[in-house]
Amino acid sequence: MTAREHERALDLIMRRGTEEIAAPESAWLNSHLSECSECANFAADCDSTGRLLRAVAVTASPSLVQATQTRVRARAAELQERQSRTVLIAISFCIGAMSSTMSAWLWWRFGGWVAQRLALPASIVEPGVFVAWMLPAVAIAVAMLASSHPVIDRSLTMNILREHQEGGRQ
Amino acid sequence: METEEAQIARGLRGRDPEVLDALIEQYQHRLLRYLLHLTGNRAVAEDLFQETWLRVLEKGHLYDGRNRFVTWLMSIGHNVAIDYLRKRSPVSLDEMKDPEDGTPFEPPASAPSPFDMAAEQQQHERFNAALEKVSPLFREVLVLRFQEQMKLEEIATLVRIPVATVKTRIYRGVAALRPLLQGGPQ
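Chains as they are written, first to last, in the working numbering: chain B, 1 to 170; chain C, 1 to 186.
Simulated from the structure, these hints should not be mistaken for lab results.
As the structure is a prediction and not an experimental result, all values here were calculated from the model.
Treat the hints with care, since some could be wrong.
Unchecked claim - Estimated spans, in silico, between C-beta atoms of each pair:
hint : chain 1 : residue 1 : chain 2 : residue 2 : range
1    : C       : Asp-16    : B       : Ala-22    : 35 to 43 Å
2    : B       : Ser-34    : C       : Thr-3     : 52 to 60 Å
3    : C       : Gly-14    : B       : His-6     : 44 to 52 Å
4    : B       : Pro-121   : C       : Glu-58    : 42 to 50 Å
5    : B       : His-6     : C       : Glu-2     : 43 to 51 Å
6    : C       : Leu-62    : B       : Ala-97    : 29 to 37 Å
7    : B       : Asn-41    : C       : Ala-22    : 41 to 49 Å
8    : C       : Ala-6     : B       : Arg-85    : 24 to 32 Å
Unchecked claim - So the derived list for chain C, only partly shown, Cβ under 10 Å to chain B, looks like this:
hint : residue
9    : Glu-4
10   : His-29
11   : Leu-31
12   : Phe-69
13   : His-124
14   : Asn-128
15   : Gln-149
16   : Ile-170
17   : Leu-180
From the three backbone atoms N, C-alpha and C, an ideal C-beta is built for every residue, glycine too.
Only chain B is shown next, with the shape it has when bound in the complex (with noise of 0.2 Å):
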């Protein structure tokens, strides 16, 4: 019997159980263990091993799903809040970026008629200017920042997590 037999063998009977095997494939693999002890003594410890495996009954207790669930529920009531305020803060950037742009030259011209008109220096007009034009954003930011209160309650469960917490530690 050569090795390539063997190998083709092994591969049989690991196969065998979980995934469809042609009929031929199926006759040649219990030919070569009708005559080979080596791969018919692995064939039956695979049979044991599965069959030892299966019979361990693993279950996970109702209070370890329900909390899994809080979790998952709270989890994604909080990636749901940060989606949109992503998408509250980027639409402000916009449209920050849009008024700045389009002011720009109205604050610049404005920024030279103040300096002609006071006789001020550029030394402190043009500081200015860029102020006056950065407002929008600054605005914008300290108007985001101010309204940083969670949108959605949590305190429900919040308030659900620490009574499975004590519950689990009673």
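Using the hints provided, position chain C relative to the given structure of chain B.
This is chain C only, laid out in the frame that chain B set:
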């Protein structure tokens, strides 16, 4: 018609809590069993169980529904366990066994007579003890192949190793269990 996998993929993309609740219910025992075999510690396995589902929620958009959901779920569980082990790098999977916890697995289901039950339970205890002595690398593929009934290619995808390596690990894992399976000393 939309397949079950495609429906799951759609639900995960939308982070639908109902879909996630149903999936947790459906795959609770299989995932916990896999993590328990991987870590050998019930408390750690339960922590990783929760962590796995949180990661399923976060990475749900990556599931395309082309492969079986259980394979994808187990691969997430595998990665969570690997991350946990990396954080605790000096501790190996075998060392994670809780010394206080002598019987990590619950006893098997009912048997015909008390004699048979006792004998069977003894056999299972010996088997579990032997299984815990097997390298985690071999134990993982044994569990996936013989308990979860996964195909060799699925195991290879899940563990991210070539199919030839899966076969080698199964062969060596079975060989390591042979003394017990043939009724020899543990």
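- Task: Provide an ascending list of the numbers of those earlier hints which the structure does not satisfy.
- Result: 2, 4, 9, 12
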